[in-house]
Amino acid sequence: MSRHDILLRSQFERIIEGDRVGQALISFYEKLPEENYRRALYILSIIYPIKLNVGDDEFKFIFYIMSQKKFLRQQTISDFVRSINVIEFTETQKSVLRELIKKNNDIIITQCTFELDCLLTRVSASSNQFRNSNGYLPENS
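Each residue of the sequence shown is one higher than the one before, starting from 14 at the first, in our numbering.
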């Protein structure tokens, strides 16, 4: 790991240990120079998330990353998508993520396929709409 990577990791660890993690991460990424996006997404993906459930504040950060084309075009978005695959999203969060992925699918798919498939499976597991569109019957049929 380079000195820059160690510094990034240290900054992320301090943010994650603090309060209002989501807002702090958004602020960090908004101030980050564009040439550092790729590496910052990778480094964050190594240590984030630290819990299985995220509140609204942290979900706003996930929404922020998954809705910004400048991040979705980064090669390391696949690392970020893989890292958030461990989160147990609420039904509302799943719905929002499904819509985000649908809206930005053409961009996301260029950088991650397997990771995106895994995330889609997790956020669509209870969605009858998803199941029906893939030829499966709803569980209560």
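Honestly, the hints are just simulated from the structure, not real lab data.
In this text, all values refer to a predicted model and were calculated from it rather than measured experimentally.
Note that beta-carbon positions come from the ideal geometry of N, C-alpha and C, so glycine has one too.
Among these hints, one or two may not hold up.
[As the list claims (entries may be wrong)] For lysine to aspartate or glutamate, the following EDC-like pairs were computed, each having C-alpha atoms within a straight-line distance of at most 20 angstroms:
1) K73 with E48
2) K64 with E101
3) K64 with E43
4) K64 with E112
[Unchecked claim] Listed next, with one range per pair, are the computed distances between beta-carbon atoms:
5) K116 with R27: 30 to 40 angstroms
6) C131 with R52: 18 to 28 angstroms
7) M14 with K115: 17 to 27 angstroms
8) Y77 with E48: 35 to 45 angstroms
9) N118 with D32: 16 to 26 angstroms
Results of checking the hints against the structure:
1. K73 with E48: violated (23 angstroms)
2. K64 with E101: Holds: K64 and E101 sit about 9 angstroms apart, inside 20 angstroms.
3. K64 with E43: violated (24 angstroms)
4. K64 with E112: violated (24 angstroms)
5. K116 with R27: 30 to 40 angstroms: holds (33 angstroms)
6. C131 with R52: 18 to 28 angstroms: holds (23 angstroms)
7. M14 with K115: 17 to 27 angstroms: Between M14 and K115, where Cβ atoms are some 36 angstroms apart, the hint is violated.
8. Y77 with E48: 35 to 45 angstroms: violated (19 angstroms)
9. N118 with D32: 16 to 26 angstroms: Because 34 angstroms falls outside the window, the suggested range is violated.
Checked against the numbered hints above, the structure violates hints 1, 3, 4, 7, 8 and 9; every other hint is satisfied.
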